[in-house]
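Residue strings, one per chain:
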Amino acid sequence: MTIKIVSIIFLGLASGLAVGSGFVAFLTVLGIIPRLTQLTKTMKMIQHYEWAVVIGAISGVLASLRDPLLPISAYFLIPLGISGGVFVGMLAAALTEVLNVLPILAKRIRLDGEIVILIMAIVLGKIFGSIFQWLYFVHIK
Amino acid sequence: MWEVNVLEKTIYIRMRNRVQTKPEERVLLKDVAQIIAPDAVLSSLKEMLVHLVTDMDRNIIVIDVMHIIQLITTKFGDMEVQTIGPAQTIIEVTNKKKGISIPFFLLIWFLLFFGSAMAIMNFHDDVSMKSVQEKIYTIITGKNEAKPLLFQIPYSIGLGLGMILFFNHFFKKRLNDEPSPLEVEMFNYQMDLDNYVIIHENKESMKRVNDD
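For the record, the sequence lines run as chains A and B. For the first sequence, the numbering used here assigns the number 656 to the initial residue and increments by one for each residue that follows. For the second sequence, the numbering used here assigns the number 45 to the initial residue and increments by one for each residue that follows.
Take the hints with a grain of salt, since some may be wrong.
To be verified - Chain B stretches covered by chain A per the calculated footprint, using a threshold of three residues with CB under 8 Å from any CB of chain A: (1) 100 to 114; (2) 200 to 208.
Claimed, not checked - When the alpha-carbon atoms are kept at most 30 Å apart in a straight line, the in silico DSSO-like pairs for lysine-lysine are as follows: (3) B:Lys179 <-> B:Lys191; (4) B:Lys66 <-> A:Lys762; (5) B:Lys90 <-> B:Lys66; (6) A:Lys762 <-> B:Lys191.
Bear in mind the hints are in silico, worked out from the structure with no lab data behind them. Don't be surprised by glycine CBs; every beta carbon is placed ideally from N, CA and C.
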């Protein structure tokens, strides 16, 4: 019995370790935290940002595994929604950039100087797609 | 005395990275390089013909610094040439100033718009975003809601904000003066192209010793 418990604990710890380090590695490769510190000029606070990510991930784990309930005002959802959206948006932008699609496209149509217009297309497309999905798409049966 | 003499006989050349010309144009030394030289030769050096763009040329020409040194030494034999910086200049012949073709542009714009809209929907489906959002709604309010729009609408707007933040463009207006990652990426891509061209279009830098 003790052996079983110990091995289960070990397996849980091991898989958590793998997933957690994978998550951090993913964030590091995409360079979102450096980008944010660069924009806000808060390089010195980077350790606190690391802890923010760690604490955020752990509370996400708790929320998804333990189903807690904190009945507070629904308007708390608005800042949560915006910050979640900004985070996913930055992930998406970083992924787009890693794939190096835009420079090539912009050069092909000789739009090197006005690449902002192409970014606008992507940004508006994302917003449109997301809103369309939540307002309409998910309710089609 | 001797040192002064050396100084007076030295020509310093720094090749430019990229130059654009029109077809059928005379490319002069001052177009492809920065020059420091004694006043006596400076003006004739500046006007020295380096390359005449003809129809035979393709739209990229690479001028090697060796070619320049050869030209200078045949004209001013006793001068010493010092080169600084890049070893070649890429001349880009811009044929009949092509503008952006509007239908092409609109096509790409719509492609990106619709493509990213669909990509984000696929992503949401893939990671079960909907059930996560419903769960967050339940955690915060204690109620079940099939349409947690109070979370979803700010989320959607935040999505766009995050992308703008990452690319550092508030549409036309910048948040700060640093180049955006995309501009750096464009620059890197251009540098890679230039490097390729330097090696492949320059007859001197690729030579087979044993051509059999």
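Evaluated hints:
{"no.": "1", "hint": "100 to 114", "in the structure": "violated (count 0)"}
{"no.": "2", "hint": "200 to 208", "in the structure": "holds (count 9)"}
{"no.": "3", "hint": "B:Lys179 <-> B:Lys191", "in the structure": "11 Å, holds"}
{"no.": "4", "hint": "B:Lys66 <-> A:Lys762", "in the structure": "20 Å, holds"}
{"no.": "5", "hint": "B:Lys90 <-> B:Lys66", "in the structure": "19 Å, holds"}
{"no.": "6", "hint": "A:Lys762 <-> B:Lys191", "in the structure": "42 Å, violated"}
This entry does not satisfy hints 1, 6, going by the numbered hints stated previously.
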